[in-house]
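Undergrad: The chain contents come next:
Number of protein chains: 2
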Amino acid sequence: MQRKIDITELVLRDAHQSLLATRMALEDMVPACEDIDAAGFWSVECWGGATFDSCIRFLNEDPWERLRTFRRLMPNSRLQMLLRGQNLLGYRHYEDTVVDKFVEKAAENGMDVFRTFDALNDVRNVERAIAAVKRVDKHAQGTICYTISPLHTVEGYVKMARDLMDLGCDSLCIKDMAALLKPQPAYDIVKAIKEELGQDVRIHVHCHSTTGVTLVSLMKAIEAGADAVDSAISSLSLGPGHNPTESLVEMLENTGYTTDLDDDRLTRIRDHFATIRPKYSHFMSSITGVETEIFKSQIPGGMITNMEDQLRQQGAGDKRKEVMEEVPRVRKAAGYPPLVTPSSQIVGTQAVFNVLMGEYKVLTAEFADLMLGYYGETIGERDAKVIAQAEAQTKKGPITVRPADLLTPEWEELCTQAQALEGFDGSDEDVLTHAMFPKVASGFLKARADGPQSVAKDPNEVAAATGGSSGADHVRTPIKYQVTVNGTSHDVSVAPA
Amino acid sequence: MQRKIDITELVLRDAHQSLLATRMALEDMVPACEDIDAAGFWSVECWGGATFDSCIRFLNEDPWERLRTFRRLMPNSRLQMLLRGQNLLGYRHYEDTVVDKFVEKAAENGMDVFRTFDALNDVRNVERAIAAVKRVDKHAQGTICYTISPLHTVEGYVKMARDLMDLGCDSLCIKDMAALLKPQPAYDIVKAIKEELGQDVRIHVHCHSTTGVTLVSLMKAIEAGADAVDSAISSLSLGPGHNPTESLVEMLENTGYTTDLDDDRLTRIRDHFATIRPKYSHFMSSITGVETEIFKSQIPGGMITNMEDQLRQQGAGDKRKEVMEEVPRVRKAAGYPPLVTPSSQIVGTQAVFNVLMGEYKVLTAEFADLMLGYYGETIGERDAKVIAQAEAQTKKGPITVRPADLLTPEWEELCTQAQALEGFDGSDEDVLTHAMFPKVASGFLKARADGPQSVAKDPNEVAAATGGSSGADHVRTPIKYQVTVNGTSHDVSVAPA
Numbered sequence: 001m002q003r004k005i006d007i008t009e010l011v012l013r014d015a016h017q018s019l020l021a022t023r024m025a026l027e028d029m030v031p032a033c034e035d036i037d038a039a040g041f042w043s044v045e046c047w048g049g050a051t052f053d054s055c056i057r058f059l060n061e062d063p064w065e066r067l068r069t070f071r072r073l074m075p076n077s078r079l080q081m082l083l084r085g086q087n088l089l090g091y092r093h094y095e096d097t098v099v100d101k102f103v104e105k106a107a108e109n110g111m112d113v114f115r116t117f118d119a120l121n122d123v124r125n126v127e128r129a130i131a132a133v134k135r136v137d138k139h140a141q142g143t144i145c146y147t148i149s150p151l152h153t154v155e156g157y158v159k160m161a162r163d164l165m166d167l168g169c170d171s172l173c174i175k176d177m178a179a180l181l182k183p184q185p186a187y188d189i190v191k192a193i194k195e196e197l198g199q200d201v202r203i204h205v206h207c208h209s210t211t212g213v214t215l216v217s218l219m220k221a222i223e224a225g226a227d228a229v230d231s232a233i234s235s236l237s238l239g240p241g242h243n244p245t246e247s248l249v250e251m252l253e254n255t256g257y258t259t260d261l262d263d264d265r266l267t268r269i270r271d272h273f274a275t276i277r278p279k280y281s282h283f284m285s286s287i288t289g290v291e292t293e294i295f296k297s298q299i300p301g302g303m304i305t306n307m308e309d310q311l312r313q314q315g316a317g318d319k320r321k322e323v324m325e326e327v328p329r330v331r332k333a334a335g336y337p338p339l340v341t342p343s344s345q346i347v348g349t350q351a352v353f354n355v356l357m358g359e360y361k362v363l364t365a366e367f368a369d370l371m372l373g374y375y376g377e378t379i380g381e382r383d384a385k386v387i388a389q390a391e392a393q394t395k396k397g398p399i400t401v402r403p404a405d406l407l408t409p410e411w412e413e414l415c416t417q418a419q420a421l422e423g424f425d426g427s428d429e430d431v432l433t434h435a436m437f438p439k440v441a442s443g444f445l446k447a448r449a450d451g452p453q454s455v456a457k458d459p460n461e462v463a464a465a466t467g468g469s470s471g472a473d474h475v476r477t478p479i480k481y482q483v484t485v486n487g488t489s490h491d492v493s494v495a496p497a
Numbered sequence: 001m002q003r004k005i006d007i008t009e010l011v012l013r014d015a016h017q018s019l020l021a022t023r024m025a026l027e028d029m030v031p032a033c034e035d036i037d038a039a040g041f042w043s044v045e046c047w048g049g050a051t052f053d054s055c056i057r058f059l060n061e062d063p064w065e066r067l068r069t070f071r072r073l074m075p076n077s078r079l080q081m082l083l084r085g086q087n088l089l090g091y092r093h094y095e096d097t098v099v100d101k102f103v104e105k106a107a108e109n110g111m112d113v114f115r116t117f118d119a120l121n122d123v124r125n126v127e128r129a130i131a132a133v134k135r136v137d138k139h140a141q142g143t144i145c146y147t148i149s150p151l152h153t154v155e156g157y158v159k160m161a162r163d164l165m166d167l168g169c170d171s172l173c174i175k176d177m178a179a180l181l182k183p184q185p186a187y188d189i190v191k192a193i194k195e196e197l198g199q200d201v202r203i204h205v206h207c208h209s210t211t212g213v214t215l216v217s218l219m220k221a222i223e224a225g226a227d228a229v230d231s232a233i234s235s236l237s238l239g240p241g242h243n244p245t246e247s248l249v250e251m252l253e254n255t256g257y258t259t260d261l262d263d264d265r266l267t268r269i270r271d272h273f274a275t276i277r278p279k280y281s282h283f284m285s286s287i288t289g290v291e292t293e294i295f296k297s298q299i300p301g302g303m304i305t306n307m308e309d310q311l312r313q314q315g316a317g318d319k320r321k322e323v324m325e326e327v328p329r330v331r332k333a334a335g336y337p338p339l340v341t342p343s344s345q346i347v348g349t350q351a352v353f354n355v356l357m358g359e360y361k362v363l364t365a366e367f368a369d370l371m372l373g374y375y376g377e378t379i380g381e382r383d384a385k386v387i388a389q390a391e392a393q394t395k396k397g398p399i400t401v402r403p404a405d406l407l408t409p410e411w412e413e414l415c416t417q418a419q420a421l422e423g424f425d426g427s428d429e430d431v432l433t434h435a436m437f438p439k440v441a442s443g444f445l446k447a448r449a450d451g452p453q454s455v456a457k458d459p460n461e462v463a464a465a466t467g468g469s470s471g472a473d474h475v476r477t478p479i480k481y482q483v484t485v486n487g488t489s490h491d492v493s494v495a496p497a
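Chains A and B are the protein sequences, given in the same order.
For the first sequence, position 193 (counting from the first letter as 1) is numbered 193 according to the working numbering, and the numbering increases by one without interruption.
For the second sequence, position 165 (counting from the first letter as 1) is numbered 165 according to the working numbering, and the numbering increases by one without interruption.
Keep in mind the hints are simulated off the structure, nothing from the lab.
Careful: at least some of the hints might be erroneous.
Put simply, identical chains are the same to the list, so a pair is met inside one copy or across any two.
[As the list claims (entries may be wrong)] For lysine-lysine, the following DSS-like pairs were computed, each having C-alpha atoms within a straight-line distance of at most 30 Å:
no.	residue 1	residue 2
1	296	4
2	439	385
3	194	457
4	4	191
5	138	457
6	138	296
7	321	138
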C-alpha cells in the first residue's frame, strides 16, 4: 500500500522565473497546457508577483488575461499562485480592502490555491489575505519561509505552523527559496508539525535546487509525512530552479510512496519546454551547477548578484568580501529576518552602505522602516542603537502594531488614479494592475492594445549567436567597422547579406 | 555518535572523463593536488582506461609519468584506479601473466586501490586481476556493475558480492555507470549484502548523476550501511558526471553520518577546477540537465550518441526510434549483459545492424564473440538461434570456459613488438602501454620526447567565441560580406576596427 505524494508543477511560474528571468511568454506555455492539465498534478503554479510584473513590464501581456487563459486551457487543474501576503504582488503593504479585492478578483479569474507568505514570517501580514481566500471559498495555504539563524528552531517553525493553521489555512507550505533546507531539518520540521498539529495537517514542501541537496530533502520530508512537494519539468529545472519532476517520480519507485503522474504526458511537457528554453537563453541564469557556498554565507544567489551590481556601480567591486561578511551582522541587527524579497534586498543594500560609508552612518529608507517595524515583527530583537538612528533619520517612531493597521482605505483613490490612465478599461482588474505596479502599469495600459510582445529569440538565431561556428552567423544587428575597400578606408555599418 | 562515511573524489578521473571527454591535462590537475591530498578523502580516483588512452592519443603525456606525479604530489592519499578486469585498460582479454605484470607495475608506480570490474559481471574475468592485486599487497575492490533486467535481483547481486569476497576482495563497489540506481534498490542491495555477508564487508557506491536521482540513492545506500560513496568536486560535477562532493557533505549535516572533509580545502579545489573547466568547454558534454528517459530505455546516454552517429553515417538518421526499440531485444538475446564498455557498444552496434539489414542477417565480429561466450558468461541464457548464426558466420564454436584460459603466454611477444618501436625506452611500462593500445602507442612513443601537448584553450578565447555580448567581439577572423556603401555593392573582407 503506497502513499500518494501530490506534486505541484512549477514550470509556468517559478521555474522560468528562476531560470529565464521570468520572461516566458504565454504563447510558449499554451501548447503544453493540455498535457499539464492531464498529467495528474495536484496543482499548477502559474501566477505570482514576478510573472505579473514581467507581463506588463516586458511582454505587453495582460496578466489577468494570462490567468483566464490558464483557466480555460486547464479546466481540470488547481491553479496556484504565490501571494506576498499584505504586499499582494507588490512591494508595499496594501490596505485591507485592497487585499480583499485582489483575492476576490484573482479567484474570479480562475485562481484556486493561494500560497501566501510574508518575508518576515510575521503571521499578522498574511492574516487578512488568508481570511479573504477563505471568504471566496478557495484554498488558503499558509507559508513558512525557511531560513537558518541562531533563533530559528524546529519548535519555532511548529509554533508558526500552529499560528497559520489557527487562521484557518487549508494547508501549510515550507518554502525554501534559497535551497538551504537540508535533509535532516526537512525531516525534523515536517515530523514535528505533524506530531504537534495532527497527521491530517497538509504540508507542502517547496525547495529550490541551487545547492544540489534538496531532492534528498524532499525525500526526507516525504518520509516524515509531507503530503505534497514541488518540482519543475526536467527541461526547465535545476541550477537556481527546482528539482526535476521526472527525477522525483523515479526517486519514489518501489518505495512506499508514489506520485501517480502520467509518464507520457511528462515526456511531452519536457519535450515542449526543451524546445522553448533555447529561445530565452539570453535571459538564462549563468549558474547551472550547484552553489554550496550559500550554506556558509546563507546569502541567496540572487542577493549576491544584486550586491555585486551595487558595488560595481559605486566603483567598489573590490569590497565584495567585506560586504559578504557584513550581511550576517546587518541581518542580526535587524532581528534575523529570512532573506527573501524584499528583506534580502533591504539587508543587502544596507550592508553595502555600511561598508562604503561606515556602519549605519546612513540608513536606506527601507532599512530604517524595517528597523522601526514598518514591515512587521522579526523573530529576534532588533538592535536598539540602530533603531534610535532610524528614528532620528526618519523622524518616525517605531511601531509594534500590524503595519497595515496604520493604513487608511485606499481603494477609491486607486480607482480614481486608474481612471486617469490612458487605456484603462474600467475593470477592477485594471485598478489592481495599477495598484500593484503604478510606475509600469500606465505604460502597459496605454500599449496593451498592441498585443503581446515576446522577448524570445528564434532558437536558430540563438544557436548561431552562441554556437561554435565562426563567421557571419554571429552578426545580428548592424555593426560599425573600419572597412578597407580597394585600399580606401570607410566607416561602414554592416548587417548580414 | 556519528558514523563516518568515506569519500572517493573523482575529479582526476571519471569526472573529466564524463564531462570533458577525458581531455584534462596533468598540468591542470597539479595545482589542486595539495588540497586534494589534505582534504580527507578515503581515496583519489585518478587513473583508468580512458585517461590512459587519452594521455597517449590526445595529450602526448606518458600515463605512467602522470601516475608517478600523483604519487609524489599526494603522498598521504590512497590513489585509486578503475581496472577492466582481464581487459586491464584495453578492449580485449589479456593473458594472465600480462595481467600480473600490469598490476605489479601499477602498484610499483604508486597505485593503491584497484577497482576491478567486468562488463558482463562474470567474476571469472576479475579473478586473476584481484589475485594479482592481493599479491602486491594492495587494496582489491571487487565491482558489481549495476543494471536492470528481468533477471537482475537483489539476491543475484548478493550472490555476486559473495563470489567477489570469496576471491579475497578487500571491499566491494556497486558501480552505477548509467545512473539507473534508484533509492530503494540502492538501500535494498546494500542492506542485503551487509546482512548476508556481514556488517564488516566494506561497500562503496559509485553513481553517475545523469538521471538526477542518485544523490538520494547515495543517501539511502548510506542509511543501509554503505561505508563509502563517490563524488566529484562541484565545479566538475552533475550532468553525465557525478554528484557534487560539497552537496554530499551538506546532505549529511546533523544526520547520523559525517564525512569529516575539510571545507576550506574543498572550496579551494572547487575554485581551481572552476577556472579549468572553461578551458575544455569545446569538449564539454552537451547534456547539462538530467536525462530521465534512460529509465525507460535503459540505454546509457553515451550509447545513444554512438548509435545516432552510426545511423547518420549510414544515412539512416530517421531510424533512431526503431533502433532504440531494438536495443532491449538484442540485449535480451545476448543474455541481458549490463550496458557498459564494451558491451554497450557491442549491443548498440548490433541493434543498428538489425534495423538496417534485417534481424541478425549480419553479426558484428564482436557480437558474434559475445554470443559465443568469448567475453564471458551472461546472467541470462543467450538466444540459441543467434548463437548458431554466430557459429556459422565465424566458424568458431561456443565456449563456456573463462575466455583467458584459451590464451597462450604473450608477454615475451609483447616485449619483442615494443622493442621494435621508435622511442621505446626498454621499460615494462612501455611494453604495457604498447600492449594496451598498440595502434596508438607507436605514435606516442615516437613523439613522447616532445612533451605534453595540452588540448585546452585559453579561457578568454573560449569566452569570446561563445560569449553573449553582441557586436564586433564575435568576429575573430576576417569575414566576407556583401556591403552596400553609398548605394554601391562591394565584396569586402571585414575585420574588427
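Undergrad: To test your reading of the hints: which numbers does this structure violate?
TA: Hints 2, 3, 5, 6, 7 are the ones this structure does not satisfy, whereas the remaining hints hold.
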